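*Asks:* Anchor point for the sequence shown: position 82 equals 82 in the working numbering, and the numbering is continuous, going up by one each time.
Since the hints were made in silico from the structure, they are not lab data. Do not take every clue at face value.
[Claimed, not checked] Restraint ranges, calculated between C-beta atoms of paired labels, are given here:
no.: 1; residue 1: Ala104; residue 2: Arg36; range: 30 to 40 Å
no.: 2; residue 1: Thr44; residue 2: Ser126; range: 16 to 26 Å
no.: 3; residue 1: Ala82; residue 2: Trp47; range: 14 to 24 Å
Given the structure is predicted, the values throughout are model-derived calculations rather than measurements. No residue lacks a Cβ here, since even glycine has one placed at the ideal position from N, Cα and C.
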Amino acid sequence: MLSTAHEPVEVLAASPAVRVSVPLEDAVRSWLADLRLANRSQSTVTWYRNVFEQRILPILQELGVRTVDQLERDHVRRLRAAVQAQGKVYHGFQRPGAPARSAALSPATLHAYHRTIRAFYRWCVSEGYSTDRAAT
């Protein structure tokens, strides 16, 4: 899980063309801190954090993506398919022994997840964490 520490990651590169391996979790923490500095609402930042913690990071880690520069367009496609296959996640009370409930995600929710990862990745490119604008 992402810690609540809000220290941005410092990226040092010899030239702008050099790709720097920044762990995804560090980049997400820095992005969320940057959103707070940009006066995004707390509910927006919390939603982004939850989406990354509960959905995006675990799936990307299963796909072998550990750093921002490893993220490719195919990973994003596979991420979308995995999120869609997981469906809705229910966190409410459930009777002991009851079967897990699930339901399909709406197209709007899937699109919101894609917009989230696209916004994060564009921020990563703007910060020099990646030079590949085509991943998302």
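*Asks:* Could you run down the list of hints and mark each one as holding or not?
*Replies:* Checked hints:
1. Ala104 to Arg36: 30 to 40 Å: With a Cβ separation near 33 Å, Ala104 and Arg36 satisfy 30 to 40 Å, so the hint holds.
2. Thr44 to Ser126: 16 to 26 Å: With a Cβ separation near 19 Å, Thr44 and Ser126 satisfy 16 to 26 Å, so the hint holds.
3. Ala82 to Trp47: 14 to 24 Å: 19 Å, holds
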